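Take the sequences, apply the hints, and build the full model.
Protein chains in written order, with the numbering used here: chain A, 1 to 485; chain B, 1 to 653; chain C, 1 to 93.
The set of hints was computed from the structure by calculation and includes no laboratory data.
Please note that the accuracy of each hint is not assured.
Straight-line alpha carbon distances no greater than 27 Å define the calculated DSS-like cross-link-like pairs of lysine-lysine that follow [as the list claims (entries may be wrong)]:
hint	chain 1	residue 1	chain 2	residue 2
1	A	233	B	425
2	C	40	A	5
3	C	7	B	469
4	B	304	A	195
5	A	5	B	304
6	C	15	B	294
7	C	60	B	418
8	A	233	B	304
9	B	583	A	195
10	B	382	C	7
11	A	233	B	218
12	C	40	B	295
13	B	234	A	233
14	A	5	C	60
15	A	215	B	294
16	C	86	A	5
17	A	258	B	469
18	C	40	B	242
19	A	233	B	295
20	A	233	B	379
21	B	462	C	7
22	A	233	B	233
23	B	469	A	233
24	B	379	C	13
25	A	220	B	294
26	C	40	B	304
27	B	295	A	213
28	C	7	B	379
29	A	220	C	7
30	A	224	B	294
31	B	304	A	48
32	C	40	A	220
Fair warning: this is a prediction, and the values are worked out from it, not measured in the lab.
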Amino acid sequence: MQIKKEHPLERLLRRERMPHILCTGCGIGTTMANLVEALEEGEFDLDKISVVSGIGCAGRVAGYLNLDGFHTTHGRPIAFATGLKLTNPDLTVIVFSGDGDLAAIGGNHLIHAARRNIDIKVICINNFTYGMTGGQLGPTTPSGTWSSTSVYGNYEIPFNLPYLLCACGATYVARWTSAHAHHIKNSIIEAMHHKGFSFIEVISACPVYWGRKNKLRTGKDMVKFFLEHTEIKRHPDPRDALIQMGTPILCGVFVNEKRPDYLDMMKAQLSKKLGISEFRGDGKVTLPEEEKKVVSEMRPPKEIKLTQIKLAGLGGQGIALLGLIMGRAASIFEGYSTVYTQEYGPEARGGASSSGLIISSRAVNMPYTTAPDILVIMAQGAFRKYRKDIRENSIIFIDKDLVRPKNIPNSVKVYAIPATRMAEKLGRALVANIVMLGFFTAITPYFSVESAEKAVKMSVPKGTEEFNLTAFKEGYEYGRQYGRA
Amino acid sequence: MRVGVFICHCGRNIASVVDVHWLKNEAAKLKNVVFCEDYIYLCSEPGQKFICEKIKELNLTHIIVAACTPSLHGETFSRTLESAGLNRYLLEIANIREQCSWVHQNTPKIATKKALKLIEAALAKLTYAKPLTPLRVPMIRKALVIGGGIAGIQAALDIANGGFEVYLVEKEPSLGGHMAQLSETFPTLDCSSCILTPKMVEVAHHKNIHLFTYAEVKNIEGTVGNFEVTILKKPRYVWEDKCTGCNDCVDVCPVIVPNEFDQGLGARKAIYIPFPQAVPLVYTIDLENCLNSKKLIVCENCFKACGPRAIDFLMEEEEVKIKVGAIIVATGYDLIPLEALPEYGGGRYQDVITSLDLERLLSPSGPTGGVIRRPSDGKIPKSIVFIQCAGSRDPEHGRPYCSKICCMYTAKHALLYKHAVPEGKVYIFYIDIRAAGKRYEEFVQRIVEEERVLYLRGKVSKVFRKNEKLVVLGVDTLTGRTVEIETDMVVVAPAIISNNGGKALAQILKTPIDEFGFFTEIHPKLRPVESPAIGIYLAGAAQSPKDISESVAQASAAASKVLALFSQKRIALEPIKAEVDVKLCKGCGICVKTCPFGAIKIIKKKKKKYAQVSKAVCQGCGSCMGACKFRAINVAHFTLKQLFSQVDALLEG
Amino acid sequence: MALAQRKPLNLEKFKIPRGRVIIFEELCKGCELCIEYCPKQILELSEDYNERGYHYPVLKSGMEDECIYCLFCQEVCPDFAIFSEKVEGEGHG
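In structure tokens:
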């Protein structure tokens, strides 16, 4: 042993995790060496680089490189890389994985990341097989060749990956074989400088599985095969890139174009609508002044026991909005703790809709209304559904015209208001929920008029504030007749 | 139809054999002939005036001139008709000199009868002649110069300075040709590079010249005024616009090979420029010798060393299509290889070298820094034997011609060697000394007298090695004795051959070459820079062996022809073109295959298939007319009707 | 003389780069790619085995100084087991 000297790329390797699991003659090792060499030659800032890999032989690579990296679940490195890039756009994110991980189980992430032109660099080792699991056929296995699940020859046609990626919208697509060290390094450096989704397919040897049974027993034989059966073109057409035994493997840079990447497009669109010109990159957004909400340190005005409120009606009546406004009024403007949930059927209009609201002066631990103290019911069907929740001391608010409460204990307090009719008189039946809100405010002690009005202004579409406040007042005045519950 | 017949004596050429008076009387009796006269020299100024006056006076409509070949004075007489207001295609020339009086000198009676038949045939053809107007097509006023040696450079500069765009195509990586390899030029002993490189730089920077180096002409279609040229740019693997000429790549290249520019006496790397003053100053990778191949890159030394990142192993050859109106061929010369001179030890002994090898040894930027050294051991030779006419003036080996420049350069070499090695001995075996240019004779005489050089008139029979030295066996015809000389080095003056890429370029140009491969001029005396193909001109050693002054002169001459051509915006093409009778044509396509110029194609209109001729491309050769079974295609002015009627006239009686 | 047969007279002016090959025998997995594609063919398979049972590359005898520092072995080795160091004072053709 004569390790007096250090390998020139030592600082980029995690030698403690080596020897790696890759077999003799495996193309993944060579490509990993090319990647490391490229990072060195390109003089990139290693602290700004991160490597993500998935499951498979190629997926082990993140663990061998002395860079910030992540070894994630099968098929998901691109999803992880997307999240990583969006939260920290200053990072250069490299995904290093295999054909099975990226194009089979991870295929969906691949095509969407390409479509979105997310600025990540994907190095896909294509060895025509699922190596780690025993050499099964995958979406890149060439027709007619052996694999452990196609012992009589594969009768599927594989993906033409450059064509696929091109069609999805990737802006840098290249293919080389593991013998083409010079070109792989250049492509990696180009991809590192490229802004947008970059995909480098490296056709590699799997001498132990695909190679062995397809008459190429060693890595050396496979490399020789690649060199003899490769056609390199300066501007190859991705349509010709399908790999078939008997025709040369077409290599080269298929696509290299400039298009705004995902973050550029997001910034451009958002700044049109929101006046946002800077995306801070840590996930936070600074809103324009008038939209700022001051979350003040409010204390609940008085101790109340935890109150569960169930609101129910037909979809389209604004049940969900009603609960939201109530919740906002009680929490943001009064200081109580509230939790708000929604339920609705699949129909946009007409189906059942209900929401639940819990108001308490202490922290609320459970989000669901299991035993509502108050029910707000605006349709007969809803009454039938939630009748079972009505107990001796329940309080129910109903729309007088739409709901006929039957068979309920006498001790139940019922407050009725012809909210829909009043809303129609005002001009739009749609504000029936706001009328009900006014009614509710007058009768219950959970929030003041001012709080309710502020909550309404905050929650209704711009330009409709005046109309809604009118509806609110109508309901409130009606409720004053009854006095407080 | 009022025909005038003019019979020329051509001095004694015709009149001494043909009885012109009898001929005149007989011809006057022919149908439609209203005037017939003989004259001593019709081509002369008064002769033409005579014709002109008669046309006007007698309202002649068609003219027959019985005289010498139309190749010589066809144009003259055509112009005469035009000046008299007649269409030039209403003229027929009966060749009663080359085809009659000159070939039947011993049988004057028969010659005379034949002369009458020739006139009858001319009359028959004329009967069906139609007036024709030349086609005027727009001319692309840009030129192509093939070859970047001194002739090509001069021609390109002259045309460019005349205000027109020039494409200059050179197959080597740099301009300069053989002149760049020379040390000093006779008779002034100017340093060759010093006078050449300013011109090379001027070409590179001229706004009217588009320079393509390391490129060849692959295909040429079309005709004068409208040539479509395909240029093939060979891949250098170095981007011209990025390379700064810094030389960093050469330092790290691990491959050393002989340098062609130094004739193998010097070396270069696999990435190289042929010489330091190369234009353009861009490096080229010789992929044959480089450790890399198209398939696999193993060595990246030059790639990594290149600061501007100009090296790109993915480069492919590129085709560029251009359109030009005129082409100048200036492809230069080559020398026969030493292996063709085994009797002189060529190819066998290292110290038998050619004159061009010696130029590289003499050159200060050459492999020995300007010191003459023996290739075998690097020692400076104490004596040199020069053998002139090595391969030239040699009918037995198929080269009977003189290579013209060797007498002068051998004298120059003798002079330069004696200046370097004053005590050295020089022997020159010669047959004649050809020093015909300006101050050439004085130059040679000075060397003979002052430099104590021994000129031996005779040929060498054998050269062989004896230990460290070479022995030359020859004869001195002036003393009548055989001569045996022991010497350190032998320099042969090899025959000059054409550097035209074999026959390939001539076929692409569709212009003829002679049996030695030199491009043929249309007339050696009067039109030495024009090829028979209109629009293609010749310059320099491509046409015949010549030295630098003559090459430059010829280049400027060719350029002036091009500038004259470009003085008009439109070019008139002769209307002697094929025409298709659509009614008779069956669209069979035989004419398409027969046409050597690709001028015909089959088109389909209104359910009918028929042939269509491109008038711009058609050269009027008539091959299609001969091939068509349906007699559907005719060449104007040489229609089948006209030709058959001529034959009938000849066979009658 | 034919170009290929001539020996250039100015070879001393041409320098080529030189390298020294360093092999970590124990890391080698015997794939033989470095041996196969070395442009100067200065490597061959060892007679010995390393601890893992593979034959590893060794310099052919007499070729120790022939490395031209192209670094292809370094770039192609999957196990980072071979590299070359630049030697100052380059050699000649």
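Against the structure, the hints come out as follows:
{"no.": "1", "hint": "A:233 to B:425", "result": "violated (60 Å)"}
{"no.": "2", "hint": "C:40 to A:5", "result": "holds (23 Å)"}
{"no.": "3", "hint": "C:7 to B:469", "result": "holds (19 Å)"}
{"no.": "4", "hint": "B:304 to A:195", "result": "holds (24 Å)"}
{"no.": "5", "hint": "A:5 to B:304", "result": "holds (23 Å)"}
{"no.": "6", "hint": "C:15 to B:294", "result": "holds (26 Å)"}
{"no.": "7", "hint": "C:60 to B:418", "result": "violated (52 Å)"}
{"no.": "8", "hint": "A:233 to B:304", "result": "holds (22 Å)"}
{"no.": "9", "hint": "B:583 to A:195", "result": "violated (65 Å)"}
{"no.": "10", "hint": "B:382 to C:7", "result": "holds (21 Å)"}
{"no.": "11", "hint": "A:233 to B:218", "result": "holds (22 Å)"}
{"no.": "12", "hint": "C:40 to B:295", "result": "holds (17 Å)"}
{"no.": "13", "hint": "B:234 to A:233", "result": "holds (15 Å)"}
{"no.": "14", "hint": "A:5 to C:60", "result": "holds (21 Å)"}
{"no.": "15", "hint": "A:215 to B:294", "result": "holds (26 Å)"}
{"no.": "16", "hint": "C:86 to A:5", "result": "holds (13 Å)"}
{"no.": "17", "hint": "A:258 to B:469", "result": "violated (70 Å)"}
{"no.": "18", "hint": "C:40 to B:242", "result": "violated (30 Å)"}
{"no.": "19", "hint": "A:233 to B:295", "result": "holds (11 Å)"}
{"no.": "20", "hint": "A:233 to B:379", "result": "violated (51 Å)"}
{"no.": "21", "hint": "B:462 to C:7", "result": "holds (25 Å)"}
{"no.": "22", "hint": "A:233 to B:233", "result": "holds (16 Å)"}
{"no.": "23", "hint": "B:469 to A:233", "result": "violated (55 Å)"}
{"no.": "24", "hint": "B:379 to C:13", "result": "holds (18 Å)"}
{"no.": "25", "hint": "A:220 to B:294", "result": "holds (19 Å)"}
{"no.": "26", "hint": "C:40 to B:304", "result": "holds (19 Å)"}
{"no.": "27", "hint": "B:295 to A:213", "result": "holds (26 Å)"}
{"no.": "28", "hint": "C:7 to B:379", "result": "holds (14 Å)"}
{"no.": "29", "hint": "A:220 to C:7", "result": "violated (37 Å)"}
{"no.": "30", "hint": "A:224 to B:294", "result": "holds (14 Å)"}
{"no.": "31", "hint": "B:304 to A:48", "result": "holds (24 Å)"}
{"no.": "32", "hint": "C:40 to A:220", "result": "holds (18 Å)"}
Against the hints set out earlier in the document, violations occur for numbers 1, 7, 9, 17, 18, 20, 23 and 29.
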